[in-house]
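Undergrad: From just these sequences and the hints, can you work out the full model?
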Amino acid sequence: RKEVEQDPGPFNVPEGATVAFNCTYSNSASQSFFWYRQDCRKEPKLLMSVYSSGNEDGRFTAQLNRASQYISLLIRDSKLSDSATYLCVPGGSQGNLIFGKGTKLSVKP
Amino acid sequence: ETGVTQSPTHLIKTRGQQVTLRCSSQSGHNTVSWYQQALGQGPQFIFQYYREEENGRGNFPPRFSGLQFPNYSSELNVNALELDDSALYLCASSTELFQETQYFGPGTRLLVL
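So the protein lines, in turn, are chains A and B. Be aware that the first sequence starts at 1, since it is given in the numbering used here, and climbs by one per residue. Be aware that the second sequence starts at 1, since it is given in the numbering used here, and climbs by one per residue.
Take the hints with a grain of salt, since some may be wrong.
A short, non-exhaustive set of chain B residues, derived as facing chain A with CB atoms under 8 Å [as the list claims (entries may be wrong)]:
(1) Gly-42
(2) Pro-43
(3) Asn-55
(4) Phe-104
I should point out that these hints are in silico values taken from the structure, not numbers from a laboratory. Predicted model only: the values in this text are computed from it and were never measured. Glycine included, each C-beta is placed from N, C-alpha and C at the ideal position.
TA: Written as structure tokens, this is what we have:
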């Protein structure tokens with residue numbers, strides 16, 4: 001089983017749509033969880049840390065289910081500027097982050 | 001911007017050469033992690049430095065080595081470059097209390113010919 005599994009997409013959605021990304025992870029010892037976004041040929045930018053069962057930041061809501069080793073990200077009222085690759089990132093055992101390939105989102109006018 | 005800087009931005013080397021990449025951490029951050037991101041892949045953990053010592057290492061051969069300096073800046077050295085070393089090299093800084101909350105620099109894009 002891969003360490004982090006995400007639907008690679010692309011998700012093509014119109015402006016204003018609500019879109020959800022799902023992610024499963026294999027390391028049951030992971031204690032920290034994050035969502036990063038990465039624009040083409042740029043560095044990953046921290047979008048949200050995911051606390052306990054989940055948290056909300058404006059249009060973004062993250063949920064964590066430790067029992068199922070599942071993380072989700074919901075984006076409401078999508079903007080053109082939300083177009084990017086979204087990376088679900090659990091923490092590793094060495095203070096490191098474990099990245100999958102991410103899910104590509106394209107928001108169209 | 002995160003305040004993490006990396007140099008150079010781009011680099012072209014030939015197979016067998018050696019390369020040194022540099023990273024300055026965000027103010028107040030004393031932990032630096034390095035990642036390799038090949039085209040179409042997610043970043044892969046190389047190693048982490050804290051208090052000038054290697055604090056953890058991913059699945060990379062010994063020809064990947066690093067240093068951290070008293071001002072918390074860091075270097076990544078790669079010897080005997082191979083074609084597959086062509087990638088974006090990212091450094092990320094964090095605090096010792098929240099080592100996994102990492103902020104990335106813009107990366108160094110390395111091409112090995």
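Undergrad: Each hint: holds or not?
TA: Now the hints, each set against the structure:
no. : hint    : in the structure
1   : Gly-42  : holds (3 Å)
2   : Pro-43  : holds (5 Å)
3   : Asn-55  : holds (6 Å)
4   : Phe-104 : holds (4 Å)
Consistency with the previously given hints is maintained throughout, with no hint failing.
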